[in-house]
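Those sequence lines, one after another, are chains A and B.
Everything in the first sequence is counted per our numbering, starting at 1 for the first residue and increasing by one.
Everything in the second sequence is counted per our numbering, starting at 304 for the first residue and increasing by one.
Since the hints were made in silico from the structure, they are not lab data.
Just so you know, even glycine gets a beta-carbon here, dropped at the ideal spot from N, CA and C.
Check each hint, because a few of them may be wrong.
[What the hints assert, rightly or not] Beyond 12 Å from chain B on every Cβ pair, some chain A residues (computed): (1) Phe60; (2) Pro162; (3) Ile214; (4) Ala237.
[Said to hold, decoys possible] Reference listing, derived: stretches of chain A covered by chain B, where coverage requires no fewer than 3 residues with Cβ under 8 Å from a Cβ of chain B: (5) 39-46; (6) 61-72; (7) 95-109; (8) 136-149; (9) 176-189; (10) 281-290.
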Amino acid sequence: MTAETSPAAAPSAFFARRRRNYRRFVFPALFVVGAVIIFPWLFTVWMSAFDWKIGEAPHFVGFDNYVRLATNQRFLESIGHTFYFTLLAVVLPLVLGTIAALIFHREFPFRGALRAVFTMPMMATPVAVALVWTMMFHPQQGVLNYLLSVVGLPPSLWVYSPTFVIPSLVLVEVWHWTPLVMLIVLGGLAALPTEPYESARLDGATEWQLLRFITLPLIAPFLIVAAVIRTIDAIKAFDTIYVISQGGPGTASETINLYLYLQAFAFYNVGNASAVVVVFFTIILALALLLLHVRQRTRWAAG
Amino acid sequence: MSQAGTVHAGVAPRQRLRSAPRARLRRGVRRLGFWLSVVVIVSPAILVFLWMLSLSLKNEIDNLAYPPVFVPDPPTLKNYVQVFTENSMGLYFWNSVVVSGGATLIALLVGVPAGYGIARLQAHRLTVLILIARMTPALSYLIPLFTVFQFLGLNNTLTALVITHLVITVPIVVYIMAGYFETLPKELEEAALIDGGSAWTLFRYVALPLARPGIVVGTILAFIFSWNNFVFGAVLAGRATRTLPAAVYNVLTFEQLAWGPLAAAAIVVTLPVLVLTIFIQKEIVAGLTAGGVKGG
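Can you make the complete structure from the sequences, with help from the hints?
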């Protein structure tokens, strides 16, 4: 072991001695990251302890901002909206993305081109897409209600209805991000071994059994990665909601991020907004850790 | 299916004659079902873009017609002309090029060496920092930076926008480059090291030329994410310094409610991104999963 590694280890040790030289490569980026990422984190925590409005002198209030948030009906409701939106915007793309991945995993003519078309929404500028959906949602002239009437369904108010606004926004989110789930799962499918399928087929397993008992368990780690990413992105969704419904009608689709935006840039109440950021980030971190914990558990189960 | 056919062929030729068309039919139905599912899954993606294109090529009367007019007849470029002449789309386009280009350039200058350093130092904790940055809502960078820019009198300037967009571009470039440099064989650098090259020489003349494909991917991803960002421009920019997404939202939705120009502007924003995407089909996932801070 040692005899084998020693010739290669000599230059590596040389590398190790030159670590200080390599640190220099990182410093400029560390400076930028410190200025635009780490400084805002710390400054946010600091601001959250102040009653601070832009243009007025801040004064220290300790944990008051947090205490007031805990009883702020509108903020608490926005947490509810966020969870509702996130749940739908994670589960639906996961299901549809997995189905799409199973389809694109097979060989068929024009597969590459069709996959490229399918993934187009993912990169499109969210604001541009949101504006087009706004026009499509229009209750009178929108094309969606026309399509409903073609198949004989009654028209919907879409984002103008307090009950349908969040599902409608989820529809845009599903359209936008199902391709990402599809590509992640497709990566998982490409890495599958063929032996379990061959032996299961010899045992007379049906296609459904192959999917249920071999494919899904094997791609579970990829599904969880997709779920983590989708959760982080859905909970932070802003552009589409802001452009399409502005959190309305009323506050029916006001998520934490929308509430945050209004506090900061409509009321310039940056102290309160900073407290919202801290709570918001804690929620995101907790959800991500929870999902990663699930991932560990599945890994144990698989092992 | 074909195996079953040959077995039958040996045993009972008459039966085969009857079952072969039925098997072919079944296969045909299955194939039809498969293609149907392909159509169902792909069509929403393409139809929204086609509808966007259709809206942008029709006059206002057709755009507001019910039932909707799907195919522009005759197609008109009037909407595009209007957004460039009356809504100064050209200026906003240029602002976006400056902001995204500037932020991407700075990110490359600091991020490519940093990626190299992280790869050689095996400093994986720094990439964890990037993952945490990925989880943080973009608005939470905006509030402190806005407050500081207010203090410095930098609000409404392109400089403030370029600085803020570094939040998006630096992590993605560092992440992509660290990953890329890790895949490069160390042997070449070790050889150069023995020949007496300094760390900088190794980077500049050995690693950097090899990393060109990684740099291309990092550049395109950073540029796209920066280009697509809406909220930084919406908050920090003044009337004349808006980036394209902020301008499309502000100018066109508040000052006039016309669908044709709106769709034309939406296409002007999105088209560069869709074109750039073609070059990095395979790397998009890496970019979207791990890399940049995006959205709100």
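Each hint, compared with the structure:
no. : hint    : result
1   : Phe60   : holds, 16 Å
2   : Pro162  : holds, 22 Å
3   : Ile214  : holds, 20 Å
4   : Ala237  : violated, 6 Å
5   : 39-46   : holds (count 5)
6   : 61-72   : violated (count 0)
7   : 95-109  : holds (count 6)
8   : 136-149 : holds (count 5)
9   : 176-189 : holds (count 5)
10  : 281-290 : holds (count 4)
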